[in-house]
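Numbering (mature numbering (1 follows the signal peptide of the UniProt record, and there is no 0)) for the sequence shown: -19 to -1, 1 to 646.
Simulated from the structure, these hints should not be mistaken for lab results. Backbone N, C-alpha and C fix where the C-beta goes; we use that ideal spot for every residue, glycine too. Do not take every clue at face value.
Here are the simulated lysine to any residue pairs, SDA-like style, with alpha carbons at most 25 Å apart [claimed, not checked]:
id	residue 1	residue 2
1	Lys249	Glu219
2	Lys134	Gly181
3	Lys382	Ser477
4	Lys331	Tyr486
5	Lys460	Lys382
6	Lys515	Lys542
7	Lys428	Leu295
8	Lys641	Leu304
9	Lys42	Gly164
10	Lys179	Lys134
11	Lys542	Lys641
Distance windows between CB atoms, simulated [stated by the list, open to error]:
id	residue 1	residue 2	range
12	Leu496	Gly518	39 to 45 Å
13	Ala336	Thr383	45 to 51 Å
14	Lys521	Asp335	48 to 54 Å
15	Lys574	Gly276	28 to 34 Å
16	Arg320	Lys134	36 to 42 Å
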Amino acid sequence: MKISYVLALALASNLMLNAEEAVNLSPVTVSSKMQKSALDEPTNAQIAGKGAILENSDIAKSLSNLNGFTMERKGGGGSEVYYRSQTAARLPVLIDGSTLNGGCGMRMDTPITYISAQNYSSVRIVKGPQDVRYGALISGGIFFDREIERLSKPSFGGNVSVLGGSFKRFETTADVAAGNELGSLEVSGGHYESGDYKSGDGQKMHTHYKRNSVSLVGTLTPTDTTALQLSADLGEGEAAYADRMRDGVQFDRKSFGLKFEQDVGEHKIRLSSYYHQIDHIMDNFTMRPVVPGTGRGKGYSISHPIRDMYGFKLEGELDFDDLTSFVGAGYSQDSFKWRGAGTGGAGVSKAKMDAAVSKPHVKERKVTYKTIYTQNEYVAQNDYGLFGGLRLDAGERKLLKTHKIRRENLFSGFFRYEKYLQNLTLYAGLGHAQRMPDHWETNKDAKLALNKERNTQLDFGAVLKDQNYELNANFFVSKMDDYIMLKYNPIGMSSSAFNTDALLYGGEIEGTTLLADMFRLGAGVSYVYGKVTKNAGGLKDGDALPKISPLAFKLSAGLEKPDWFVKADFYANASQNRAQKGYGDVGGMDLGKSDSFWTLGLSAGYKYKNYQFLLVAENLNDAKYAYHNSKGGYGGGIAGYETILNGTRLYEPGRSFWAKFKVHF
């Protein structure tokens, strides 16, 4: 018998207190808006979200509390998200089904730099290449979704929150919506800022930031079968960086979207389009003093990339009782242009810098995709499910200054079988995904010689659920052909890219139980093993794959009632001895072996009528620690800060506290 229930994903200190519905003090669950539960889709875990769980303005930090996730810190922004030790193009971040990418050639601005989670209705994670509707998911995908809302009567409501914490952290957000059965209008926005944090040993890190965002969503629902949604998202910000010679002095985002849905009997037609522009400036004189003179790290340096992305997709959803089919086609284009001066390591005079930024941007690169796909889901009377899909992307990379072009046909597909038993779902799926070298890999591929990367992956596991306990286990084996790897010089600058082959395997196990309707206990463990399986780029068959996160363990215990909770969280990482220093991915270089660490956190929350209070203490033991996949420091030094040598990991924040107050109306 198939059970309708949701997969729980424990978040260390990001518990949810919703005023609109019963207080949920258990681990975060799959969104109730989904028609099918995670037992039906065990490789598709959704985090319910409207301004609820991603309390940390650094989304990477919040996601690192999920089993299998970790992060790579650079400073006050631009952190990398890793899932199963993979990031960037292997773990695409999509907003409302569209791709958003940063512009910096050294990934100062990752996609999450420009995303405010509370401006979307949910966050969803797909594990492995087990979906083809949204692109090639090499290791999985992270989806920030904004669903079309339908109101049954005139409605008005919203919420306002204020957060204050250690290191001069201050945040405020607001969300207001009004409408009726014919449509609605929603406005969301937020301000986020923090000073420099201090590591566990009291070292001040160059990490202060400020960010602002606003979203406007208008929906028309003239009939029960027709819906149109228009959206606009604007953002701006600045952030100090401890891992490089420049800071991010401008992170501007403009996004516009359109979605149309039409029901045709039991079926649906969807049309969506989008436009994103990232306008990013980084320099070495706005947020830190210029070092006078000539040579590396001296003089003026500025880089100003602009990235424009647009596309559309037409999709049909065909519902035949137990069978649901999706058929779609789309087009997308990603263009990059740049201007700047003094970016090769040695700065220039102010006069030369001013002259460079007064010139027009130079168009450098354009990437296009033409796509067709089909995905099908068949569930046989709550007994078993069959899921599968095929996708073809015709991709093209153009280097506009040298007029070089390379075209690739990229195939993706998967098949998954699920068996539904009493309180238990078993699943196994085989997926394949292919991708072209991304923007950052192409920076090291002037001749467009890199081959497309191909991943064939087996995903399998089980989800067990009863009234008071839950256990889920997810495992994978991944064979990567033409795995794209970067080679780095001693100061952490990527120097070349090459293809090799790789093997990865591992997984996640986690469980939770509720005792006496009050005591909540939870635990989780995750592990990934990776190795090179080909002699290439100076590495031999059997060598350790770079940037593989070590064994991670978490334990939680707490008390919970309908209107309050208290919780303690223990998190630990083992040491990592299987490292490959000098090699890495677009996120950065493997810095070699890393030490083990552990942290302890406490959280408590209380709800009274429409008011919510949340108190959190992080790293109570004041550990001096860094994740294995951390960036190294900037050896050139920053005035007013202790120099962190090249190759030395950036330490995470020490003991910190924050409190949040939220009111719904």
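Worksheet item: Holds or violated: are the alpha carbons of Lys515 and Lys542 at most 25 Å from each other?
Response: violated, 55 Å
Item to complete: Look at the Cβ atoms of Arg320 and Lys134 and judge whether their distance stays inside 36 to 42 Å.
Response: With Cβ atoms ~53 Å apart, the hint is violated.
Worksheet item: Straight-line Cα separation of Lys641 and Leu304 no greater than 25 Å?
Response: violated, 45 Å
Discussion item. Lys249 and Glu219 were given as a pair; does the straight-line alpha-carbon distance stay at or below 25 Å?
Written reply: violated, 42 Å
Discussion item. For a C-alpha distance cap of 25 Å, please report whether Lys382 and Ser477 respect it.
Written reply: holds, 20 Å
Discussion item. Verify the CB-CB distance for Lys521 and Asp335 against the hinted window 48 to 54 Å.
Written reply: holds, 50 Å
Worksheet item: Holds or violated: are the alpha carbons of Lys42 and Gly164 at most 25 Å from each other?
Response: Cα-Cα ~36 Å, so violated.
Worksheet item: How does the Cβ-Cβ distance of Lys574 and Gly276 compare with 28 to 34 Å: does it lie in that range?
Response: Between Lys574 and Gly276, where Cβ atoms are some 32 Å apart, the hint holds.
Fill in: Agreement of Lys179 and Lys134 with the hint, judged by alpha carbon distance not exceeding 25 Å
Distance ~50 Å between Lys179 and Lys134 Cα, so the pair is violated.
Practice prompt. Decide if the proposed pair is consistent with the structure: Lys542 and Lys641, CA atoms, cutoff 25 Å inclusive.
Written response: holds, 19 Å
Item to complete: For the pair we were handed, Lys428 and Leu295, check the Cα-Cα distance against 25 Å.
Response: Measuring from Cα to Cα gives roughly 34 Å; hence the hint is violated.
Discussion item. Lys134 and Gly181 were given as a pair; does the straight-line alpha-carbon distance stay at or below 25 Å?
Written reply: With a Cα-Cα distance of about 53 Å, the restraint between Lys134 and Gly181 is violated, given a limit of 25 Å.
Violated hints, listed in ascending order, are 1, 2, 4, 5, 6, 7, 8, 9, 10, 12, 13 and 16; each of the other numbered hints is respected by the structure.
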